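Enquirer: What follows is the residue order along each chain.
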Amino acid sequence: MADVAKQYAMGNERIEALRGIDLEVNRGEYISILGPSGSGKTTLLNLIGGLDLPTRGTVFIENEDISKMSQTGRTLMRCQKIGYIFQTFNLIDFLSAIDNVALPMVFAGKSKRERLERARELLQLVDLGDRLNHKPTQLSGGQQQRVAIARALANSPSIILADEPTGNLDLATGLAMVQLLYRLRTETDTTVICATHDLKMIAVSDRIAWLEDGMVQRVEDRQGVTLTAEELQTTNQDGERSNGTSEE
Amino acid sequence: MGQAKSDQVRATTFPITQALRFGFEDMRARGTRTRITVLSILLSVTFMVFLSTMASIFAVMTGQAATVQTHYFLLEIIALLVCLVGVTNTMLMSVTERFKEIGVMKCLGARDRHVVVIFLFEAFILGILGGCGGALAGLAAGAVASGLQVGWALVMQVPLQEYGRHVATGVFTAILLSVLGSLYPAYYVARLRPVEAMRHEL
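These protein sequence lines are chains A and B, in that order.
So in our numbering the end of the first sequence lands on 248, straight run, no missing numbers.
So in our numbering the end of the second sequence lands on 1202, straight run, no missing numbers.
If you are wondering where the hints come from, they were derived from the structure by calculation, not from laboratory data.
On a predicted model such as this, the values are computed, not experimentally measured, just so you know.
Among the clues, some could well be false.
In silico EDC-like pairs for lysine to aspartate or glutamate, Cα to Cα no more than 20 Å straight-line [said to hold, decoys possible]:
(1) B:K1100 <-> A:E24
(2) A:K135 <-> A:E121
(3) A:K200 <-> A:E29
(4) A:K112 <-> B:E1196
(5) A:K68 <-> B:D1112
(6) B:K1100 <-> B:D1112
(7) A:K135 <-> A:E117
(8) B:K1100 <-> A:D52
(9) A:K68 <-> A:E29
(10) A:K200 <-> A:E212
(11) A:K135 <-> A:D93
(12) B:K1100 <-> B:E1162
(13) A:K135 <-> B:E1196
(14) B:K1100 <-> B:E1196
(15) A:K68 <-> A:D52
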C-alpha cells in the first residue's frame, strides 16, 4: 500500500453542502474536521465513506476512485475498509453488544467462531469485557459508544470515520472516548477521520481541517493550535506543513 | 487480488441461522409490534379458514356441493383480498419503521440481498405464527358456528382431510402473503443508498 493512501477532491453542487474540497489524508493519521453545524462535515464523511456520491469531483481511497466502483464494490469497501462511528451510536437495538460488534463480520462472511472471538477481543479492548451480552438499552451512552467503536474496528478497517462521536456524551465520557479512539488508532494503525465541533478532539489530532460553508478554510498541524476559544476566531496560524489547500 | 475475490464470493451469502436468529431477536425486542402484526395476519386467516370450513359443512348438509361452493368461493376471494391488504400493510409498516436500522446495516457493509433476506425470514416466521394461529382459530370458529346452527353431526361428517386442507391452505396463504407483502418494501429499502435510508424519518 502506498504511503499516501488516500486523497480526494470533490464537490457537491446540489445544495452546495460542499463547494469543492481538496484534502489529502495519510495512512495512520488522525485528522479532525472542525466546523460549525451545517458546514458540511457529515456530508464530507458520507462521501468519504461511499455512503453518498459526490455531484462532481472524486474521492480516492487507497488510490481507488470510489465513484467509479459499482454499488457492490462500494458496499464491499465499506465492509472491509471503513469503520463508522456515529453521533447517535446507531447500535442495533435487538442485538447484544457482542452481536452488534460481530455484525460487520457477518456481512464480511467470517465464520461464527471467528466473529465471536474477535468481537469478544474487541469489547475487551474497549473495556466492556463484562458487558458482552447486554443489549444497547441496558448500556450507558458512553458504553454504547464504546460498543460502536468496537464495531467500527470489527473488520480491521484502514479508515475510521467518526461523525461527532462525542456529540451525545457528557464532557468526561466524551474525553474518555477521545482518548480511547486515540489509543486504538495507535494500536491498530488506523486512519481516523473525525468530524466534530468538540475542541477536545483537537488534542489528539495530528491535523485539523477547518471546514466552513462547505470549504476547507485551512488545515493545521496540532502544534499550530492551542486549545483556547479565542483561537477559534483568530486565524493567525496557517499550518506550515499543510498538505491540503482551500480553493473555490 | 485473489484474496479480495474470494472475500467477495463469501460475502454474498448471509447465513440462514443468523437470519432466523435476527428475526427472532427483533420480534422479541419489538413485542407489541410483533403481536399486532401476527394478530392482523391471524385475523385475516381466521376469516378465510372460517369461511371455507363453513362451506365444507354446508356442502355436506345440502348435498348440493357445486352451487354452494361457488357462492362461498366468492366470499373466500374477498377474504383473501382482505388478508392480502392487511398483511401487506402491516409488513410495509414494519419495514418502513426500520429504515434507519437498515441504513446502519448498509453502512456496516450489508449487501442489498442481506437486507432482503433478513426481512423475508422475519416475514416468514410471522407468517407461520399468524397462519397457524389463524387457521386453527378459523377452523374452531367455523366448526362451532355451524355446529350450533345445523347440528354437530354434520360437522363430524366432513372428512378430516378436508379440514386439514383448509388449515394447510390458511397457513400457506399466511406465509405467502406475509413474504409477498414484505418483499416490495424490503427490496425497496435495500436498494436505497445508506444515507437516504438513515435520513428517512417516519
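Enquirer: Which numbered hints are broken by the structure, listed smallest first?
Expert: As far as the earlier hints go, 1, 4, 9, 12, 13 are violated by this structure, in ascending order.
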